[in-house]
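Modelling step: build the complete structure from the supplied sequences, incorporating the hints.
Number of protein chains: 2
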Amino acid sequence: MSFDNKHWFTEAIDETGTAFSLKLKSKLHEEQTPYQKIEIFDTQTFGKLMVIDGCTMVSSRDNFLYHEMMTHPALFTHPDPRRVLIIGGGDCGTLREVLKHPEVEQAQQVDIDERVTRLSEQYFPELCESNHDPRAELHFTDGIKWLREAENESLDVIIVDSTDPIGPGEVLFTEEFYRHCRRALKTEGILAQQSESPLLHQSILRNMYQRMQAAGFSHQATLSFPQPIYPSGWWSATLAGNINLRDFREQDVAQKTFSCRYYNADIHKGALAVPEFMKD
Amino acid sequence: MSFDNKHWFTEAIDETGTAFSLKLKSKLHEEQTPYQKIEIFDTQTFGKLMVIDGCTMVSSRDNFLYHEMMTHPALFTHPDPRRVLIIGGGDCGTLREVLKHPEVEQAQQVDIDERVTRLSEQYFPELCESNHDPRAELHFTDGIKWLREAENESLDVIIVDSTDPIGPGEVLFTEEFYRHCRRALKTEGILAQQSESPLLHQSILRNMYQRMQAAGFSHQATLSFPQPIYPSGWWSATLAGNINLRDFREQDVAQKTFSCRYYNADIHKGALAVPEFMKD
Chain A
0 MSFDNKHWFT EAIDETGTAF SLKLKSKLHE EQTPYQKIEI FDTQTFGKLM
50 VIDGCTMVSS RDNFLYHEMM THPALFTHPD PRRVLIIGGG DCGTLREVLK
100 HPEVEQAQQV DIDERVTRLS EQYFPELCES NHDPRAELHF TDGIKWLREA
150 ENESLDVIIV DSTDPIGPGE VLFTEEFYRH CRRALKTEGI LAQQSESPLL
200 HQSILRNMYQ RMQAAGFSHQ ATLSFPQPIY PSGWWSATLA GNINLRDFRE
250 QDVAQKTFSC RYYNADIHKG ALAVPEFMKD
Chain B
0 MSFDNKHWFT EAIDETGTAF SLKLKSKLHE EQTPYQKIEI FDTQTFGKLM
50 VIDGCTMVSS RDNFLYHEMM THPALFTHPD PRRVLIIGGG DCGTLREVLK
100 HPEVEQAQQV DIDERVTRLS EQYFPELCES NHDPRAELHF TDGIKWLREA
150 ENESLDVIIV DSTDPIGPGE VLFTEEFYRH CRRALKTEGI LAQQSESPLL
200 HQSILRNMYQ RMQAAGFSHQ ATLSFPQPIY PSGWWSATLA GNINLRDFRE
250 QDVAQKTFSC RYYNADIHKG ALAVPEFMKD
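In order, the protein sequence lines correspond to chains A and B. Note that numbering that gives the first Met the number 0 numbers the first sequence so that position 247 is 246, with each residue one more than the last. Note that numbering that gives the first Met the number 0 numbers the second sequence so that position 82 is 81, with each residue one more than the last.
Think of the hints as simulated: they come from the structure by calculation, not from any bench. Note that the coordinates shown come from a computational prediction; the quantities given were computed from them, not determined experimentally. Be careful, since some hints might not be right.
Said to hold, decoys possible - Think about it this way: if two alpha-carbon atoms lie no more than 27 Å apart in a straight line, the pair counts; the simulated DSS-like pairs of lysine-lysine are:
1. 278/B - 24/A
2. 185/A - 144/A
3. 278/B - 268/A
4. 268/B - 5/A
5. 268/A - 144/B
6. 255/A - 278/B
7. 268/B - 278/A
8. 255/A - 268/B
9. 255/B - 278/A
10. 5/B - 5/A
11. 144/B - 185/B
12. 268/B - 278/B
13. 255/B - 268/A
14. 99/B - 278/A
15. 99/A - 255/B
Next comes the structure, spelled out in structure tokens:
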């Protein structure tokens, strides 16, 4: 068995002391955009893999776990989600899940790097199948700026589908950012944000809770789920709002007209379960 | 950042096309026993790591997830677990969790390789803290032989805490083995077995269900949970029995006198949730 940099893509993280690798068939694409380096690989067992600045972003095989859990818990917790903003999410997988909800009237996706979306259309066409839905708006600009200019109380759900809170993604984890989210959301509005590994990144989660609280979100809830290509294979999404975030429209989930590969009402409830070590 | 075989331990699996690595401080021990090669490493962020024949077995940092989920769901599903047999489990972590249950009168651990236990006592003393409990019996012999000689209807719970169903562990996933389990268990008895990754090993799970059914277990239930050092970071335990395995002594969990780091009643229920893709 050969394990080397030629036959495997490896994301090794000194800080967490962990690395994850996928066996490759070939490299399909590489480019440096004004914002980041994007690579696309064809893997042996996980389909296509998109890597940004050396970090695994999305694979054909396991992205359904992440995209479904970033979307459906928030949208089924909100009583009537009509206007949704996605910050980041350039691979369009979150957008596709959002648009499965028939009550959604408008879904704006704001990612700074158009090349992520164009490469996703080429290599992950299944994630982009709703890009031409008349309710979809794809904007390629700075998400913070977009949010700053958003009207007060104009949105029902904001989904932050971003990179880690290190480097360019850092600003999306600040109290100031959460204040803008709170202002742009209606009273019952919900913010959903990817919140890293429950095992490896507990201090990030703790900071998020404190800042969300300080920004005026009285309720938070974290849902955890498997995501094999991300560090530790265990990931989370955190909801913030001013309504009870532990109840959801369970009846509507049971009667939903679209299909999922991971999400259902039991999975939603299960993802809300808080491990003992996280209660401290 | 240096990623190489000197500073990292890597388990690379051609079959699943995935690899997981931990950054090392040093190698503490290596020996070839009559059964297998055992290595012990000191890692940067996961504490000690035991590796058997190149496969990650147990780390100080994340073993609580596996050991708690291999034990407490089975023992809280059984109405009154008094006699427990652990097949494999030489690191003694499962034994420790079993002996937290005050109603357990006898816990037999049967692992073929005494060196696993002796090295665990040395490098994972926290897992071995109940080895001298008067209810504990440590036997170093062939688990299949042990089970074949077990009296009919003499056990309440059998926990199979073994390696993968490839090589020496294979026999623990056969219909014949399950027949012996069924015979040795009392009517309400429960078999709990580690059942690999829900994402990567669906055919193993399907085979287990069929063979358990054929061996006379009318009910099965699979619980999934995170386990970062195992392939995909997402693992499972499957229960088999002739009672409802989806209900458990929830009241007793709420009132339990011992502490866990992961397990609680919500986690138990959540782990039973069946992802959509596994319903097929």
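Hints and how they fare:
1. With a C-alpha separation of about 31 Å, the suggested pairing of residue 278/B with residue 24/A is violated against the 27 Å cut-off.
2. This hinted pair checks out: residue 185/A and residue 144/A have alpha carbons roughly 19 Å apart, not beyond 27 Å.
3. For the given pair, residue 278/B sits about 17 Å from residue 268/A by alpha-carbon distance, which is consistent with the 27 Å threshold.
4. Restraint check: the Cα-Cα separation between residue 268/B and residue 5/A comes to about 43 Å, which exceeds 27 Å; the hinted pair is violated.
5. At roughly 42 Å between alpha-carbon atoms, residue 268/A and residue 144/B are farther apart than 27 Å, so this suggested pair is violated.
6. Under the criterion of a C-alpha separation no larger than 27 Å, the hint pairing residue 255/A with residue 278/B is consistent with the structure, at around 17 Å.
7. Only pairs whose Cα atoms come within 27 Å are accepted, and residue 268/B paired with residue 278/A is accepted, the gap being roughly 17 Å.
8. Proposed proximity of residue 255/A and residue 268/B is supported: the alpha carbons are some 22 Å apart, at most 27 Å.
9. For the hint linking residue 255/B to residue 278/A, the alpha-carbon distance of about 17 Å falls within 27 Å, and the restraint holds.
10. This hinted pair checks out: residue 5/B and residue 5/A have alpha carbons roughly 18 Å apart, not beyond 27 Å.
11. Note on residue 144/B and residue 185/B: the hinted pairing holds, with a Cα-Cα distance of about 19 Å set against a maximum of 27 Å.
12. Under the criterion of a C-alpha separation no larger than 27 Å, the hint pairing residue 268/B with residue 278/B is consistent with the structure, at around 17 Å.
13. A threshold of 27 Å between alpha carbons decides the hint, and for residue 255/B with residue 268/A the separation of about 22 Å falls inside it, so the pair holds.
14. Distance hint between residue 99/B and residue 278/A is fulfilled; the C-alpha atoms sit about 21 Å from each other, no more than 27 Å.
15. The suggested pairing of residue 99/A with residue 255/B is violated, with an alpha-carbon distance near 43 Å, which exceeds 27 Å.
In this structure, the earlier hints numbered 1, 4, 5, 15 are contradicted, and the remaining ones agree with it.
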